[in-house]
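J.: The hints should help you fit chain A onto chain G, whose structure is shown.
Chain order of the listed sequences is G and A. Residues 1 to 221, numbered by this note's numbering, are exactly what the first sequence covers, in order. Residues 1001 to 1348, numbered by this note's numbering, are exactly what the second sequence covers, in order.
If you are wondering where the hints come from, they were derived from the structure by calculation, not from laboratory data. For every residue, glycine included, the Cβ atom is placed at its ideal position computed from N, Cα and C. It is possible that some hints are incorrect.
[Said to hold, decoys possible] No farther apart than 30 angstroms at their CA atoms in a straight line, the calculated lysine-lysine pairs in the DSS-like style are these: (1) A/1183 - G/163; (2) G/23 - A/1211; (3) A/1157 - G/52; (4) A/1086 - G/169; (5) G/52 - A/1086; (6) G/7 - A/1287; (7) A/1183 - A/1081; (8) G/23 - A/1214; (9) A/1214 - G/163; (10) G/52 - A/1211; (11) A/1287 - G/169; (12) G/52 - A/1287; (13) G/194 - A/1086; (14) A/1211 - G/163; (15) G/7 - A/1086; (16) G/194 - A/1183; (17) G/163 - A/1032; (18) A/1214 - G/52.
[Unchecked claim] Every beta carbon over 12 angstroms from chain G, so not counted as near; a handful from chain A, in silico: (19) 1085; (20) 1094; (21) 1108.
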Amino acid sequence: MFEQVVKAYNEAIFDTDRERALKVVHDALDDGITPENVVFQIVIPAIESMIKAISENFDASLAQHFMTSQIGAEVVEEMIPRFEHGQNVIGSVVIGTSWGDFHGLGKRIVTGCLRAFMIDVTDLGLNVTPMRFVDEAVAHNAQVIGISSMMVHTARGENGCLKVRQILKERGLEDKIKIAVGGAPYRFDHDLHKTVQADAWAENGITAGRVITNLIKGGRT
Amino acid sequence: MITGMERLVAAINGKESDRIPVFCNLLDQGAKELGMSLEEYYSKGEYVAEGQLRMREKYGYDNLWSLFYVGKEAQLLGCRKTIFAKDGPPNVGEMVINTYDDIHRLQVPDDISGHPEFQESLKCLQILRAEAGGKYPICAYVTAAMTLPAILMGMEKWMELLLVGPADVRDELLTKCSDFFQKELTAYRDAGTDVFIYSNPFGSTDFIPMKLFKELSLPWMERDLKPTGTQGVVYYCGSSHFNNVIDMVIEHLGISVFYLSPMDDIAEGKKIIAGRGLCCGVINDIKLIDWSKDRIRDEVRRMIDQGMPGGKFLFGTLLMPYGIPEENIRAMLEAAYEFGSYEIREQR
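So that you can see chain G by itself, here it is in the shape it has in the complex (with noise of 0.2 angstroms):
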């Protein structure tokens, strides 16, 4: 039965269709399946068949990795209030868009995925300043900064990552707080992340869930 759950999960989430998803879940919490196994079982499992998917070259749309994010955020968002021995949160991350930088998709598909992989994120918004990257992780004690850039200028420009990376320097930071990127410019141009100076990038959102996580965990990607 478990089985056909996931199953049935997986089948909503890739036909970007939100309202069964929340019905395979909710019909499994009737059926007995735990809060705790929805989320480790079916949601987190689920964002990595797809992060597996697109490694393996299936061609998963932007849409499908927005709703996984935000299919994922929701029922994770709905199930920790019911969890037996309270939340279990990984790590924390500040994410933003880099300055200059209008788009927002992309860090919301990874803010999507992060809280449904249990990592508290904390959205910084649109147009961030490298200041304010580096205040905002200390002040939440962030083991990680998430900056998305969908401009050439705004991911390579002396107000992105390059700033940020030169104030963690500056302050000492660097051992506590890695940088993640990505956005159009890094799909285009993999070696990039390096020009820019962050430790890890990811290809698209949804794989810079397990991206950042690993950051957390003390890996680089």
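T.: Only chain A this time, still in chain G's reference frame:
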């Protein structure tokens, strides 16, 4: 001397000229050429026309642009704030649509040619036409109904409305955007534009699943293009792949020029098009910022070797980033002229 228009017409008809057509999409670089800030440059149609003409003369490629920046379309629909950068394209500074009520209130201008926000574009077009009309194809950028909402309400909110919002509100917005598209394309055509870059990332399954492509994108593209026809229309999905939908686009829409993604396989694209249209191979121009001249030359050669056999091929760029060094622009173009030359190819 052979003109860019002659090269393009020859390529469309599967004939040889001196070389394949080369489209180089330099926009913001015009400001540097005129020694202005981007904000000043984009304030006058005369400046943009002068920038376009100077850059084409300087580098020798085959096309001219009437496009200022993509956010201009939002201005025609009520956006009053544009944010200018010093080293990249301007951003839409306020969303025209923030609530569903804004969709109900959205008004498509009856007469785009007479719209105050279109006047500088018209001036630009008049100058381009007077100076280069008939000699070099003049391009316009027109956003498809399925994609225009992203500029008006932001991609996040548009994705939400598209995927989980009320269908009647979605369709009301798409109808208005499609009406706008038809009027905009007509205004550009009336002003003497030759080539219409029909921009639609939602025409790619990188953006939406195939099911939604068939159920939504295809019918809305049919609606966009029904009254205007496809003369001069170029299928373009930004930087997104679309080889897998080319057959459907030819069959349902009748478009016959395809401006591929840099990530699409050119040889595969040509094979799918199978002589039914012009295939444009597009370089990954972000890499031109850092690549060496030799690396650029190798890449241009690789692309042209894939696309040129059998004819009906054009070499092109995306919207070239402002940070590409001038010598790298030259290196790319010189390689394209050399490897795209029919005479040199015969000797090879």
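J.: Give a verdict on every hint.
T.: Consistency of the hints with the structure:
This hinted pair does not check out: residue 1183 of chain A and residue 163 of chain G have alpha carbons roughly 44 angstroms apart, beyond 30 angstroms. Taking the CA atoms of residue 23 of chain G and residue 1211 of chain A, the gap is near 21 angstroms; set against the 30 angstroms cutoff, the hint holds. Between residue 1157 of chain A and residue 52 of chain G the CA atoms are separated by roughly 27 angstroms; this keeps the pair inside 30 angstroms, and the hint holds. At most 30 angstroms may separate the alpha-carbon atoms for a hinted pair to count; residue 1086 of chain A and residue 169 of chain G meet this at roughly 27 angstroms.
For the given pair, residue 52 of chain G sits about 40 angstroms from residue 1086 of chain A by alpha-carbon distance, which is inconsistent with the 30 angstroms threshold. For the hint linking residue 7 of chain G to residue 1287 of chain A, the alpha-carbon distance of about 41 angstroms lies beyond 30 angstroms, and the restraint is violated. The suggested pairing of residue 1183 of chain A with residue 1081 of chain A holds, with an alpha-carbon distance near 23 angstroms, which does not exceed 30 angstroms. The straight-line distance between the Cα atoms of residue 23 of chain G and residue 1214 of chain A is roughly 26 angstroms, inside the 30 angstroms bound, and the hint therefore holds.
A hinted pair counts as satisfied when its Cα atoms are at most 30 angstroms apart, and residue 1214 of chain A with residue 163 of chain G does not qualify at roughly 44 angstroms. For the proposed pair residue 52 of chain G and residue 1211 of chain A, the alpha carbon gap of about 21 angstroms is at most 30 angstroms, so the pair holds. With a C-alpha separation of about 28 angstroms, the suggested pair residue 1287 of chain A and residue 169 of chain G falls inside the 30 angstroms cut-off, and the hint holds. Distance hint between residue 52 of chain G and residue 1287 of chain A is fulfilled; the C-alpha atoms sit about 27 angstroms from each other, no more than 30 angstroms.
With a C-alpha separation of about 24 angstroms, the suggested pairing of residue 194 of chain G with residue 1086 of chain A holds against the 30 angstroms cut-off. Our distance criterion of 30 angstroms between C-alpha atoms is broken by residue 1211 of chain A and residue 163 of chain G, whose separation comes to about 43 angstroms. For the proposed pair residue 7 of chain G and residue 1086 of chain A, the alpha carbon gap of about 50 angstroms is over 30 angstroms, so the pair is violated. Straight-line distance between C-alpha atoms of residue 194 of chain G and residue 1183 of chain A comes to about 45 angstroms, which puts the hinted pair past the 30 angstroms bound.
The suggested pairing of residue 163 of chain G with residue 1032 of chain A holds, with an alpha-carbon distance near 25 angstroms, which does not exceed 30 angstroms. The straight-line distance between the Cα atoms of residue 1214 of chain A and residue 52 of chain G is roughly 26 angstroms, inside the 30 angstroms bound, and the hint therefore holds. Distance check for residue 1085 of chain A against chain G: the nearest CB is about 5 angstroms away, which does not clear 12 angstroms, and the non-interface claim fails. Residue placement check: residue 1094 of chain A does not keep its beta carbon more than 12 angstroms from all beta carbons of chain G (closest about 10 angstroms).
Listed as outside the interface, residue 1108 of chain A is consistent with that label: its C-beta sits roughly 24 angstroms from the nearest C-beta of chain G, beyond the 12 angstroms cut-off.
Hint violations for this structure: numbers 1, 5, 6, 9, 14, 15, 16, 19, 20, all remaining hints satisfied.
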